[in-house]
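Chains as they are written, first to last, in our numbering: chain A, 1 to 237; chain B, 1 to 237.
Please note that the accuracy of each hint is not assured.
Any copy will do: because identical chains look the same in the list, a pair fits if it lies in one copy or spans two.
Here are the simulated lysine to aspartate or glutamate pairs, DMTMM-like style, with alpha carbons at most 25 angstroms apart [as the list claims (entries may be wrong)]: (1) K135 - E181; (2) K135 - D30; (3) K165 - D236; (4) K94 - E71; (5) K94 - D236.
Think of the hints as simulated: they come from the structure by calculation, not from any bench.
Owing to the predicted nature of the structure, the values given are computational and were not obtained by experimental measurement.
There are 2 protein chains.
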Amino acid sequence: MNAGPIYQVINRDIADQISSGTLQSGDRLDSELKLAERYGVSRMTVRQALGELESDGLVVRRHGSGTYVSEPRSLQRRVNHLGSFHEEMGLDSKAVKTRLITQEVAVPPEAVTADLRLSSGQTATHLVRLRMLDKQPIAVQESWIPYLLVPGLARDGLTEGSLYKTLQERAGVEIRWAEQEVTAAPAVGEIAELLRLPEGSPVISIRRVSYSASNEPIEVAQSHTVPSLPLIVRLDR
Amino acid sequence: MNAGPIYQVINRDIADQISSGTLQSGDRLDSELKLAERYGVSRMTVRQALGELESDGLVVRRHGSGTYVSEPRSLQRRVNHLGSFHEEMGLDSKAVKTRLITQEVAVPPEAVTADLRLSSGQTATHLVRLRMLDKQPIAVQESWIPYLLVPGLARDGLTEGSLYKTLQERAGVEIRWAEQEVTAAPAVGEIAELLRLPEGSPVISIRRVSYSASNEPIEVAQSHTVPSLPLIVRLDR
DNA sequence: TAGTGGTCTAGACCACGAG
DNA sequence: TCGTGGTCTAGACCACTAT
Numbered sequence: 001m002n003a004g005p006i007y008q009v010i011n012r013d014i015a016d017q018i019s020s021g022t023l024q025s026g027d028r029l030d031s032e033l034k035l036a037e038r039y040g041v042s043r044m045t046v047r048q049a050l051g052e053l054e055s056d057g058l059v060v061r062r063h064g065s066g067t068y069v070s071e072p073r074s075l076q077r078r079v080n081h082l083g084s085f086h087e088e089m090g091l092d093s094k095a096v097k098t099r100l101i102t103q104e105v106a107v108p109p110e111a112v113t114a115d116l117r118l119s120s121g122q123t124a125t126h127l128v129r130l131r132m133l134d135k136q137p138i139a140v141q142e143s144w145i146p147y148l149l150v151p152g153l154a155r156d157g158l159t160e161g162s163l164y165k166t167l168q169e170r171a172g173v174e175i176r177w178a179e180q181e182v183t184a185a186p187a188v189g190e191i192a193e194l195l196r197l198p199e200g201s202p203v204i205s206i207r208r209v210s211y212s213a214s215n216e217p218i219e220v221a222q223s224h225t226v227p228s229l230p231l232i233v234r235l236d237r
Numbered sequence: 001m002n003a004g005p006i007y008q009v010i011n012r013d014i015a016d017q018i019s020s021g022t023l024q025s026g027d028r029l030d031s032e033l034k035l036a037e038r039y040g041v042s043r044m045t046v047r048q049a050l051g052e053l054e055s056d057g058l059v060v061r062r063h064g065s066g067t068y069v070s071e072p073r074s075l076q077r078r079v080n081h082l083g084s085f086h087e088e089m090g091l092d093s094k095a096v097k098t099r100l101i102t103q104e105v106a107v108p109p110e111a112v113t114a115d116l117r118l119s120s121g122q123t124a125t126h127l128v129r130l131r132m133l134d135k136q137p138i139a140v141q142e143s144w145i146p147y148l149l150v151p152g153l154a155r156d157g158l159t160e161g162s163l164y165k166t167l168q169e170r171a172g173v174e175i176r177w178a179e180q181e182v183t184a185a186p187a188v189g190e191i192a193e194l195l196r197l198p199e200g201s202p203v204i205s206i207r208r209v210s211y212s213a214s215n216e217p218i219e220v221a222q223s224h225t226v227p228s229l230p231l232i233v234r235l236d237r
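Build out the structure end to end from the sequences listed, making use of the hints.
Quick look at the structure:
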């Protein structure tokens with residue numbers, strides 16, 4: 001079993017310490033030099049791990065002072081890095097339930113065909129999922145994945161309800177990066193019904209095209225999220 | 001005149017070559033080794049510059065192949081990094097005009113007072129700006145800045161219409177990072193009027209708290225943007 | 001096979017902060 | 001003043017791509 005690059009192992013280790021409570025919010029981490037000694041790596045490698053934790057909002061670095069665990073927030077969806085819906089929801093993820101609305105093979109709309117680089121008429125697996133938090137609907141997600149990538153997907157369903165895990169295990173495909181468009185839209189028809197919102201009321205609309213490490217399009221996803229679940233982003237200069 | 005860290009100089013130099021057309025989309029950049037020699041720096045420094053260009057969506061790196069200038073898009077607003085409205089708009093920024101709606105000193109709402117860490121009753125400079133693209137309104141931005149930070153701000157106005165430049169020059173304050181909440185909201189009252197949208201139609205709502213390098217809150221901003229100008233974000237795993 | 005980007009080392013000097 | 005994070009060096013080996 002290979003765990004990937006060392007800096008990702010360190011990243012996960014510290015993230016685990018934070019989510020398990022071993023490191024409390026406000027705590028100062030050991031200095032980069034000490035962490036380098038503890039993990040038996042050079043300081044540059046520790047810095048790469050801490051840099052990701054910082055951009056994920058888990059820690060704050062203060063020049064001349066130290067690196068601190070940041071304050072937590074509830075009901076949030078962090079989107080600095082690409083991850084599954086559960087990963088984005090962070091601590092709230094345990095309370096998130098998924099209801100499968102649609103699971104079929106079909107010819108996608110033209111815009112999706114283009115983004116997936118399919119020939120006209122080629123089919124794709126079509127998934128519609130409703131995400132619930134505390135029995136309240138929070139988001140509807142519609143996904144299109146090229147049929148030939150994972151032929152059994154519509155028949156066999158998802159591994160642990162996670163599209164990312166399923167793609168990894170069944171097709172050996174790892175999603176590496178994505179480009180995402182965020183806007184506001186009126187909830188209409190089935191979307192409004194599923195989210196239990198008045199027809200025409202505003203929802204967060206996200207269209208995402210995901211790519212593998214070799215820059216092949218893997219998934220086109222369109223989601224509609226209730227406005228009470230804002231996206232949280234940390235931006236650096 | 002200090003231009004800051006070398007990697008930022010390299011970053012700007014390559015970004016300039018792309019926006020000026022010296023580097024066309026699809027072109028392959030020189031290899032990291034050659035760039036390191038040309039700029040007279042180590043390869044790690046070049047990599048730091050290329051990493052930012054990649055996360056800004058300006059270039060794509062292909063393992064084993066090279067680094068390429070990515071395809072451009074029009075009417076977009078990239079928000080991978082913190083920047084002024086004009087910087088976010090990229091190539092479209094030349095066509096963006098700003099109309100100042102409000103410029104006053106006032107006691108901000110309680111939520112703003114808290115985020116700016118002001119005492120109850122302390123005043124702040126209040127700015128409301130309307131952004132126009134091709135004579136069409138695209139966004140309303142409301143800003144609150146602690147009065148004591150830049151006492152003359154409401155009287156003297158902004159340097160080149162840029163709040164970031166004004167803060168830098170007049171108060172020596174540089175905004176370094178921000179936390180941003182993105183959601184959807186109905187356009188109401190003055191917002192709907194200014195954006196020329198029907199009352200209640202969806203707009204992108206962004207609330208941003210910006211901080212200095214020493215983590216002091218500098219500005220609370222609330223913006224409402226027309227849905228035809230989506231936020232574009234590149235996400236990495 | 002040759003060249004590319006991905007990761008990592010073991011140092012170094014600097015700017016910043018807190019006491 | 002001293003420890004911290006910010007930047008940078010001059011190498012190294014590896015995985016991947018293209019030929």
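Now the hints, each set against the structure:
Taking identical chains as interchangeable, the C-alpha atoms of K135 and E181 lie at most 25 angstroms apart only when they sit on different chains, with a minimum of 24 angstroms there against 28 angstroms within one chain. In this homomeric assembly, K135 and D30 never come within 25 angstroms of each other (Cα to Cα): the closest approach is 41 angstroms inside a single copy and 54 angstroms across copies. In the homo-oligomer, the alpha carbons of K165 and D236 lie at most 25 angstroms apart only across protomers (17 angstroms), although the nearest pairing inside one protomer, at 30 angstroms, exceeds that limit. In this assembly of identical chains, K94 and E71 lie within 25 angstroms of each other by CA distance solely inside one copy; the values are 20 angstroms within and 39 angstroms between copies.
Taking the shortest alpha-carbon separations for K94 and D236, only the inter-copy value of 23 angstroms comes in at or below 25 angstroms, while the best intra-copy value is 29 angstroms.
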